[in-house]
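Engineer: So the chains spell out like this:
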Amino acid sequence: MSVAREQVECLHHSLIILLCLAARGYAFRDDARNGRFRALIFTHPMTLRMSYERRFRVPFRFLLLVTLAACTREDVASRAREPAAPALPASGTPRATVTLDAEDGQWTRAAKSLSGIRYSQLAQITADNVRNLRPVWTFSTSVLRGHEEAPLVVNNTMYILTPYPNLLYALDLTKGDSAPTKWMYNPKPQSEAQGVACCDVVNRGPVFANGSIIFNTLDNHVIAVDAATGAEKWNTKVGEINNGETMTMSPLVVKNMVLVGNSGGEMGVRGWLKALDLGSGSVRWTAYSTGPDSEVLIGARFKPHYPKDRGKDLGVSTWTGAQWKIGGGTVWGWISYDPTLNLVYYGTANPGPWNPDQRPGDNKWTSSIFARDPDTGEAVWAYQMSPHDLHDYDGVNENLLIDVPWKGQTRHVLIHPDRNGYVYMMDRATGEVLSAEPFVHITTTHGVDLANGMLRYEPSKHGRVGEVVRDICPASPGGKDWQPSSFSPRTGLVYLPHQNLCQDSEGLEANYIAGTPYVGMNVVMTAGPGGNRGELTAWDPAAGRAAWKLTEDLPVWSGTLATAGDVVFYGTMDGWFKAVDARTGAKLWQYKTGSGIIGQPMTYRGPDGKQYVAIMSGVGGWAGAIVAGNLDPRDSTAALGMVAAMKDLPSKTTKGGTLYVFALP
Amino acid sequence: MSVAREQVECLHHSLIILLCLAARGYAFRDDARNGRFRALIFTHPMTLRMSYERRFRVPFRFLLLVTLAACTREDVASRAREPAAPALPASGTPRATVTLDAEDGQWTRAAKSLSGIRYSQLAQITADNVRNLRPVWTFSTSVLRGHEEAPLVVNNTMYILTPYPNLLYALDLTKGDSAPTKWMYNPKPQSEAQGVACCDVVNRGPVFANGSIIFNTLDNHVIAVDAATGAEKWNTKVGEINNGETMTMSPLVVKNMVLVGNSGGEMGVRGWLKALDLGSGSVRWTAYSTGPDSEVLIGARFKPHYPKDRGKDLGVSTWTGAQWKIGGGTVWGWISYDPTLNLVYYGTANPGPWNPDQRPGDNKWTSSIFARDPDTGEAVWAYQMSPHDLHDYDGVNENLLIDVPWKGQTRHVLIHPDRNGYVYMMDRATGEVLSAEPFVHITTTHGVDLANGMLRYEPSKHGRVGEVVRDICPASPGGKDWQPSSFSPRTGLVYLPHQNLCQDSEGLEANYIAGTPYVGMNVVMTAGPGGNRGELTAWDPAAGRAAWKLTEDLPVWSGTLATAGDVVFYGTMDGWFKAVDARTGAKLWQYKTGSGIIGQPMTYRGPDGKQYVAIMSGVGGWAGAIVAGNLDPRDSTAALGMVAAMKDLPSKTTKGGTLYVFALP
Amino acid sequence: MMLRPLACRARTPLLLVGAALAVVGCRREERRFRESPPATTPSAVRVSALQPGTMADTSHMPNPYESSAYAQSEGQRLFGWYNCAGCHANGGGGMGPPLMDDEWIYGSSPENIYNTIIQGRPNGMPSFAGKIPSPQIWQLVTYVRSLSGLTPMSGRSARTEHMNFYQGAQSMQGAQTPKNSFRPPASEFP
Amino acid sequence: MMLRPLACRARTPLLLVGAALAVVGCRREERRFRESPPATTPSAVRVSALQPGTMADTSHMPNPYESSAYAQSEGQRLFGWYNCAGCHANGGGGMGPPLMDDEWIYGSSPENIYNTIIQGRPNGMPSFAGKIPSPQIWQLVTYVRSLSGLTPMSGRSARTEHMNFYQGAQSMQGAQTPKNSFRPPASEFP
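From first to last, the protein sequence lines are chains A, B, C and D. Numbering-wise, my numbering comes out as the position in the first sequence, counting from 1, plus 66. Numbering-wise, my numbering comes out as the position in the second sequence, counting from 1, plus 66. Numbering-wise, my numbering comes out as the position in the third sequence, counting from 1, plus 1251. Numbering-wise, my numbering comes out as the position in the fourth sequence, counting from 1, plus 1251.
Chain A with its partners taken away, still in its complex shape (with noise of 0.2 angstroms):
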């Protein structure tokens, strides 16, 4: 494509802003004086029931140098970060691949393997008979807010997790075209740590261990129960509300020990990653995210691969005076093991507070991925994926642990699809970083430098307090947030759920009071290039680049799965469970459920023998907020500048929190 013909492009562009800013109500026309154009006087529609008229007036000079030189730059600039261009799945190039434990049909942590796949072998249910799924039964969780959670199947019994007030239900799977509930229990976590939780109440779900289900609540407690009883085996506090600390993550158990981290980087929290005894449910170790080497236990074994990460307590030394104890870098997403290296791997959230010029310096270790030794925790290599950074480009997004063919060998990695826009495909002995591919529009940075791990910052976005830096690409919740991908060996394809969201935001003084958002960030998001706010990608790794893209209206703010029967499943917020090909990303099927989905979807073998799929259906979290919190759309900075995104959300769906599952006839 020509320079020239881009430009044309982006001058069509214009004239379509100008159409949508007419269809809002905008009155525009020439301001032809003296016989020549010079201007566009826009008339604001409120104008017609004001007192006053609100208009203004565009010189045409202006209009047409902002409107070139706009177009020159987004162009240059998207060159470096745009995704590259779909293709077909390469069917006789190598593809990525992992080895599979045995399936046994459950489905016993939320990702299903310590890897991290979301795979599942069961291949009753494909592409070619998936048009017959229909749901077979329902159960209602009793909560409204977000269920972002993973249901779990072990032993003839699903397990389900909901939002606060976390309440854990065993459901009975031998009995037919019901599951009865075996027990229920209730850990009465306390109220007002709803008021503590930024963008929504959620849970993402439970894990099975050693006959117990561990879980964290909302306010900071993570308990053991008995699978086959629902009698609570341990319970241990591990955080505190009145310093802004929550737990909405889904613990994964790796080698007797529970890994548990904490959500709050708006409330001024420090993070930390814990290892608490399966057996009694003591803690064994924490690693914080920031502070002293020792504390963020970094050790003679710590060996990252660029010097960047290199020094002596990073994480006091990069931050100004004590910020590092309310800085941030929390962990709320998800973790994953790899037996062999005996290494966990997982990201650390934003630095706090999200004004990134009340904290001059890299901000380790926010926005990084760890991998540790579980047995003791002990930090092995670090990468920091954002310093400094400026967007709430939180990293604790998945991390799939796989085996791609790279240039001419087959290297062990790790996938890290990150908010600021790159898939990152690392050594996961060493946390060199092989590809760093953008997965959507970004506007914020002009790529990774394979040579020295550096992220390439464009300056001008930027801002100060005060100013205000528009097309923020992509926004706060980053080219794709904690929804997470699945990856199919058949197809050697990563399915990422993400969304594409663009935003304004100015800088505000943030004042800290414990216990209170520390945020200092006015933010306006809205629908990035092309208009839809959501999209699937099928992601290539041994191409670095997408092989295939669904685009949705909506945020895709479920997690996929993918199946040997060679179907991705995934939500969408107003409320759609549907099943593409694997291959081709066809869509296949679909049916409408009660609520928005933003939960994981998940499969497993019923007592019966048949193949079941199941999902929580029940909107919310921060892309949900609008509904699950009543919002007001009027203010385009609620829920942190979702809210100007999302304005249209409380049409197409309503809250609720119900199960589906499904089978075929």
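Heads up, a few of these hints could be off.
[To be verified] Ranges of calculated distance between the beta carbons of each label pair, as one might list FRET restraints:
no. : chain 1 : residue 1 : chain 2 : residue 2 : range
1   : A       : Q190      : B       : A652      : 29 to 35 angstroms
2   : A       : D243      : B       : N221      : 34 to 40 angstroms
3   : A       : D439      : C       : T1305     : 32 to 38 angstroms
4   : B       : G277      : A       : G596      : 38 to 44 angstroms
5   : C       : P1313     : A       : D379      : 45 to 51 angstroms
6   : A       : D243      : C       : S1318     : 54 to 60 angstroms
Keep in mind the hints are simulated off the structure, nothing from the lab. All residues carry an ideal CB built from backbone N, CA and C; glycine is no exception.
For chain A, the structure is supplied; the task is to place chains B, C and D on it using the hints.
Structural biologist: Just chains B, C and D now, kept in the frame of chain A:
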């Protein structure tokens, strides 16, 4: 069955009771001090972990005496008031029928027809193919309380009215496999209204007329909104929560008048029926249920069939002092209309307080049926089913207007299955009771004397303050509560959904404080004979007895729907939506919804010409209060004694609020 | 204010199950004459455990009747008299939430309950301000807290135990709500 | 307490849309020096409109700053300073419920809002007792009520209007919540 054999059976039951006590942990042993078996000693199970012994000793002589007495009395009493044994439907014999309007495939009022029979002539779904029924889409209402409402379908739009906060949704049915929201109207009722709503904050649905959807809010507003746009047309406040008034009933529109009544019989409310102008919402007339004839709208045209219901100002003289002003008789049930006679029919609720000793007299016109001219509100006849009601036997249940072959001629009757346990068949022109036969086990009365219309009370069931009366059958919710019946002219049968509950009660002195409960009764309910708490009875009005009966473990608290496909639909409180054969009661199909069902099933023809069936899922109401209100089962008197009979419900269902729509593939 | 000579009045139980309880529950206590009514209403009472910044001590206004069996017994009488029982039954709830469990939407401290009674709460609890004298409110507080075992049960009569013969092991012996109960919390009851 | 000479401080709007609003919003008022802080906290404030028995008059404690544009402007500053905006955004809500609409879970009267701030509320509103001086709470009350048009908007700056250029006709001009809005009420927000 001989008396001797019955006594043996009864003693057998006593043994079962002992075994039950044992199962609950009571230890009992015989106290055989001098070699003779003299008594049973019961030891409470908590004794094991308490410092003192809780036990009681029951002398055997006493035990024998009581058991024998109970068994004998039981038997004698039940002979008169036990429902007749089931029979096959009368195939060759004359059967009840009705004149139907042309089928438009819509559902414009809760009962579909003015005659209140809930019968659809749609016949695509039949007893043969209903087994293939499957859910096609679902819609979450955002509300967790009890969903007793019927959805409406008018002009390819479905209207759903939720329990408090009484959200009204309009769903577009023309989009195929989902139904996007066209608009939502939020009346924003006062939250305080929840505090005076006895027995959950339900609503039984809106009504369509003249391009408007009209409904009542819990805080006593009657509101008409434009069915196409959701714009409010008028909004009339007709009651006051600070007097204990709420509104839960479904209005009926007759001759450009909206007929509405109030709730609050447990709050010292004075009942009324009001007619509001369909165009403007202004009140045209108000007919009180108690007070002077001028306010009850009793005048020259008033001709009750029985002498007991004749006299001047009975609404005052059958009370002491000014008690009629707080005496109940609210109008929260169903209204039917006969256009030929130009009469509306409805029942009035129980007198207040429940404690009968505080209100000597017949307490007219509580627990009565009125026939009124809708143009003026004038009463044409009235009949009091339960004079000086002792057990909260409201008279608000539905009146089905059908034609029944009776003693050689066709009578235009109303069928009224009353809470007191009898199905009344009355000449709807005159109020004459043609028959009154029991449909449940009754211990409180001995039938209705057709000569004078008197209900024959069992004196021993009239408790005094401080006195516990046992084995009151039916319990306060009656043999059947609000849940409406349906009638099929193809089978001639009325399909009664109902409960099977008995209770113990103890009168207390009630203290009237406006806006607070005015009950004066401790009640503890339990399952009736057989142990099943619910039944579906197919009632043959021509024969005056049940054609067949289905038992359900839980009370059948949903309405029924009869269709020309000879299928009857209903739901259970643990969430099963069921279809049975209208002729035989054979179970044909069931589907497990997310929450318990207490709604009213309906059916319609979609824009695609297909027949659909819809039901609200969402447990609650009086019977489901233990779940909807999170009540504590350790207090048997909770929810006016209902909790005692429903202790297991929380283990069988969860809160929810979802519409399910079903169709054939 | 009526004063009664006995600290505990146990009605004669009509059936056998209740008897032992009532006997055990009776204890005499000092009779107080002309006690001065407690001070004015609590004002800046926290309804939330969340406190921004450093945690401050919460100064509790003590209920002057906290350990008075007489006040508890009077509170039980008033609980019926003011129709509290109409909504909350004998602690299990109905129109209103249960009071015998361990969930307290607006706090379980005496001053929390005091304020709930006089201020009312938005989803249906009426405001009894100006309707119940302050000493009686404190007596109600004492009784309400006894329902869940927050105060000793010494003063409670066994009034309703006799109703539960057929229902088996209903226990009014304070709050031992099983953690593993089927009851979801009352989060929609503000 | 800092006193500022101007009753209304309007920042220079960065973009065009906000300008007219800010100009219209400015009005001068009498400057008050050394005003005495308002009396103590309101105590027996009803949170429920339900009153058993005969209705009593509700005696409102008037907000001394109710019509003060200066107090409103100060309230806006404090709304940011005490991180109210962190949860309630610029009135549209986030972690906390919106304040610019016509739904008030705990009442809309000045004394209701005052109590909500000092007492906290059970589903997440922290208790600011001892954290914010009483006069500042009243200023916050004035500002919070202005968000939904319950007090005049004269004192509000147009601080956030400039953020909404791309989003179209966002109006911060008081509460005209359409009756027919898609927003179900916040009944699960106690």
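Engineer: Need the list of violated hint numbers for this structure, in ascending order.
Structural biologist: Hints that this structure does not satisfy do not exist here, as all of them hold.
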